[in-house]
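Undergrad: Residue-level listing of the chains:
2 protein chains.
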Amino acid sequence: MDPRTGQAVGEPIPESTEEQVAAIVEAAATAGRAWRAASAADRAAVLESVADALLASADDLWRAADTETALGEVRLRGEIGRSAGQFRLFAEVLRDGGYVDAIIDHADPGLTPPRPDIRRMNQPLPGVVGVFAASNFPFAFSVAGGDTASALAAGCAVVVKAHPGHPVLSELVATVVRRALPAPELLGLVQGADAGRYLVQHPSVAAVGFTGSIHGGQAIQRLINERPDPIPFYGELGSVNPVVVLPSALDGDVAALASGFAGSLTLGVGQFCTNPGLLFVPDDDTLIKAIADAVAATTGGPMLTPKIRDGYEEGVARLALGAVPLASGQDDALAGGVVAAGSGVTASGGATSGGVVSGGAMSGGAASGGAMSSSAAPGGALAGDISGIGDAVPQVFVTDMDNFAGRLPDLAEECFGPAALVVKYGDVSKVGDVLESLPGSLTATVHATDPAEAEQIVPVLTRLAGRVIWNGWPTGVAVCWAMHHGGPWPASTSPAHTSVGATAISRWLAPVAYQSWPEALLPLELRDANPLNVPRRVDGVR
Amino acid sequence: MDPRTGQAVGEPIPESTEEQVAAIVEAAATAGRAWRAASAADRAAVLESVADALLASADDLWRAADTETALGEVRLRGEIGRSAGQFRLFAEVLRDGGYVDAIIDHADPGLTPPRPDIRRMNQPLPGVVGVFAASNFPFAFSVAGGDTASALAAGCAVVVKAHPGHPVLSELVATVVRRALPAPELLGLVQGADAGRYLVQHPSVAAVGFTGSIHGGQAIQRLINERPDPIPFYGELGSVNPVVVLPSALDGDVAALASGFAGSLTLGVGQFCTNPGLLFVPDDDTLIKAIADAVAATTGGPMLTPKIRDGYEEGVARLALGAVPLASGQDDALAGGVVAAGSGVTASGGATSGGVVSGGAMSGGAASGGAMSSSAAPGGALAGDISGIGDAVPQVFVTDMDNFAGRLPDLAEECFGPAALVVKYGDVSKVGDVLESLPGSLTATVHATDPAEAEQIVPVLTRLAGRVIWNGWPTGVAVCWAMHHGGPWPASTSPAHTSVGATAISRWLAPVAYQSWPEALLPLELRDANPLNVPRRVDGVR
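Going down the list, the sequences are from chains A and B.
All the letters of the first sequence, read from the start, carry residue numbers 1 to 542 under UniProt numbering.
All the letters of the second sequence, read from the start, carry residue numbers 1 to 542 under UniProt numbering.
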């Protein structure tokens with residue numbers, strides 16, 4: 001379906017039957033044996049071929065994606081570059097070899113008791129990785145996204161459950177990627193909700209990756225709980241991404257702070273898991289007016305699917321029940337605007353560090369100023385009549401700390417889309433206690449000009465979120481060695497793991513220890529001569 | 001209860017109520033805040049004090065343990081040394097600093113999009129670690145065991161659910177450890193099955209460690225599945241630990257092979273999770289006779305609890321239904337023997353590499369030779385009348401490959417205790433296929449004189465088990481940097497993690513990424529000057 005018109009496009013894609021899913025998983029498992037046995041260098045070369053294939057098909061790919069997502073050429077080309085960059089980063093990870101975490105303890109017959117020779121390194125999980133694609137990144141978190149790239153890098157075959165928001169694109173991407181793989185069965189693709197159930201319950205599936213809603217993640221967890229074996233489930237779910245503006249931030253550029261917030265909030269029509277949904281601010285009229293003005297200058301756009309749009313309306317209604325409207329953005333459709341959703345996102349090209357720039361998505365448009373009336377908040381301004389599935393309009397609400405604390409957890413629940421709640425505090429010493437009571441998030445952000453002012457809340461923030469940000473905005477997740485994109489529940493199902501960055505590969509690995517093992521049968525990474533020159537710890541010393 | 005007499009000893013230990021468990025967990029959570037904030041060096045010093053305290057109380061501790069477990073002075077002193085050694089190893093891990101996995105990517109404004117400064121390191125999980133103690137290692141896998149040591153090292157407070165097999169010892173060990181902690185609440189102790197339920201469902205518990213049966217692990221997993229948040233569960237469960245004797249092994253010392261097997265099988269009355277329960281051998285009369293003779297020369301002893309003894313009887317009966325008895329050991333009680341269970345275990349002293357020596361536990365006794373009659377197998381010879389809860393007698397059965405393959409999974413189920421099944425193969429090329437169909441194990445062992453002979457089955461073994469052993473025996477788990485004590489389900493609930501060795505600490509850690517964070521607020525491990533000199537990856541380079 002085209003989100004701009006609400007019309008179906010192309011032929012319907014049939015849903016996969018249970019038999020089809022089983023055949024696809026079993027073919028992947030068989031192909032996975034040879035892939036698992038391939039050297040890291042061979043796997044790296046294949047990943048680079050996949051990156052090349054994606055870039056070579058970028059013209060076809062962005063058009064197919066735009067038809068089903070309405071995300072626009074600039075954003076989509078950038079996202080293809082980011083996806084290719086992820087494959088390249090994992091090729092680099094494989095060549096480096098540190099991902100196997102090689103550890104060698106030589107035999108020590110002088111110890112009591114004597115110690116045999118023990119050598120340990122990571123190996124691919126013994127089975128197929130199931131991946132659930134996300135709606136909001138049709139490349140970077142979908143068929144050729146980070147879960148697929150990291151699982152293939154680890155040495156596992158992958159079967160993706162396509163997102164129903166872009167089924168045609170999913171088939172096209174799979175075809176492009178398969179051309180670069182030594183066996184097409186290494187990347188399976190299944191369609192339909194039932195197919196997802198068959199996938200996670202197939203005995204050959206060894207782990208599952210997922211990016212989506214808390215509700216969706218819980219449903220998959222329940223299906224996994226029905227298995228006899230409790231396979232790992234790496235879900236990246238919902239996150240409200242609190243931002244704390246400390247009093248010293250008022251000494252800085254307040255207008256820039258307000259426009260940075262509005263830009264991060266409305267990037268890609270707010271359809272980012274790192275979108276800042278909760279802003280704690282000093283009770284300062286100038287700042288709050290600046291925020292209202294900045295939000296009023298933003299523009300909405302079509303959301304990805306009717307389900308996401310409905311969820312946004314529900315979330316806005318929940319906020320409207322507990323807080324007062326502060327400002328809303330413009331309705332792109334009603335304004336006759338042509339700014340596609342997310343068009344402000346900078347293309348990332350093919351760099352391995354590709355990522356979405358934060359704060360760069362301020363759409364043009366005149367400030368409407370002031371707060372809209374409470375009664376108008378949940379309904380009218382949300383959906384433009386002339387667009388297919390209805391444009392979403394940015395909506396920001398405001399309340400005070402006592403009201404917020406009294407309406408938890410409702411007011412801290414994620415509203416997926418360009419909506420946020422501004423919470424005014426009088427006494428900064430109470431902010432830490434309220435942060436303690438929030439659910440886990442992917443990110444937590446501080447704005448301040450004086451680091452000392454943040455000392456008290458830093459321990460709270462690092463328990464609350466997987467990434468903490470100083471004087472920045474949470475949208476924009478750099479693909480690099482140090483990135484951690486995860487966090488305590490409900491931000492993720494497994495707080496120790498990330499779905500973005502080099503260490504995402506560790507989700508699909510498990511160690512094997514070799515005791516008194518003959519040199520000729522050891523993996524190259526564990527042989528005395530270290531022929532691959534991988535980083536190792538030997539007898540306790542790195 | 002004293003396993004030697006079956007009589008209750010001391011005053012009954014009351015079970016913890018729900019209110020008591022909540023108070024203990026909440027006190028641990030509060031004390032955990034300061035512990036989490038303590039430097040790695042300060043935590044290391046505390047761990048070494050705990051090691052000193054355990055060794056200083058060894059005289060009292062082994063006596064208390066012997067009363068409840070009948071494991072004997074030599075084994076128990078050795079195990080106290082091993083436990084102290086684990087605390088010392090984790091002190092070393094903390095001072096090394098590699099456990100935080102520090103990664104720094106400096107800002108790169110020249111990239112498209114520009115990359116901010118991102119620095120990542122592991123932090124303690126935000127909450128209390130719940131630990132379920134095991135029966136069979138009253139020190140090394142109990143209140144002061146590896147789970148507790150690694151969780152305290154990580155920076156988490158711990159609440160242990162005592163094993164009902166040694167409740168008095170558990171209280172004594174907790175008292176000894178607490179004297180060395182900065183706050184006694186950092187190590188809570190609860191008693192009773194209901195207390196375990198309250199513990200895993202308490203909202204302040206962030207992760208759970210467990211060593212025990214598959215059935216017990218599944219019960220805990222179900223309780224965790226009822227939580228709103230899916231906390232990590234690290235269970236080390238059942239394992240049949242297959243051993244493959246390849247044809248070339250017949251060129252070696254067959255008698256030593258047979259006695260090594262019998263020794264590993266009967267070590268500690270077979271009450272080891274790494275006990276070799278399944279032995280694939282060429283259909284060779286000399287080898288099989290040697291195995292029968294070696295087993296007949298072993299002696300049984302009292303098991304830890306009546307429940308474990310009953311489980312052993314059931315397991316032996318299951319084997320007797322599907323296979324033929326090959327040999328049994330002597331009944332220590334009927335023979336009037338005084339060899340305490342596991343007395344052959346070498347004391348490990350205080351070395352960090354302390355471990356149980358494999359193959360050193362052959363009790364004396366005349367070989368009875370030959371196979372006992374099938375009808376006598378399950379019942380009579382199992383329990384000596386004059387001992388308290390009944391001595392277990394080693395029992396080994398034999399069958400061929402076709403019968404074995406036809407009775408899976410029954411014949412590959414773990415029988416906790418000194419029982420094993422010998423499977424004779426005619427065609428070595430079929431061994432790999434049968435190994436493919438086994439459940440996951442902690443270990444898999446190969447005996448051969450020619451490494452080339454094992455090439456075909458190595459890929460199968462490394463998918464099947466977390467540790468592979470060459471010409472050795474699986475009992476004996478060295479505490480060192482490279483150890484991996486885990487494996488695919490049902491060996492463990494989380495194949496990527498180990499419960500023994502330096503990397504066991506990673507179970508209780510999760511990364512936090514700091515983006516554009518001020519130097520003054522960064523942890524020392526991530527500051528530019530690297531004042532703690534921890535191993536790091538900076539801009540992709542180690």
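Hints are not guaranteed to be accurate.
Repeated chains share a single entry, so a pair holds when one copy, or any two copies, can fit it.
Below, a list of computed lysine to any residue pairs in the SDA-like style, where the Cα atoms sit at most 25 Å apart [said to hold, decoys possible]:
id	residue 1	residue 2
1	K307	A255
2	K430	S204
3	K289	M401
4	K430	D539
5	K430	Q7
6	K424	P306
7	K307	N403
Note that these hints are calculated values from the structure, not bench results.
What you are looking at is a predicted structure, and each value in this text was computed from that prediction instead of being measured.
Undergrad: Would you pick out the hints that fail for this structure and give their numbers low to high?
TA: Structure breaks hints 1, 4, 5, 6, 7.
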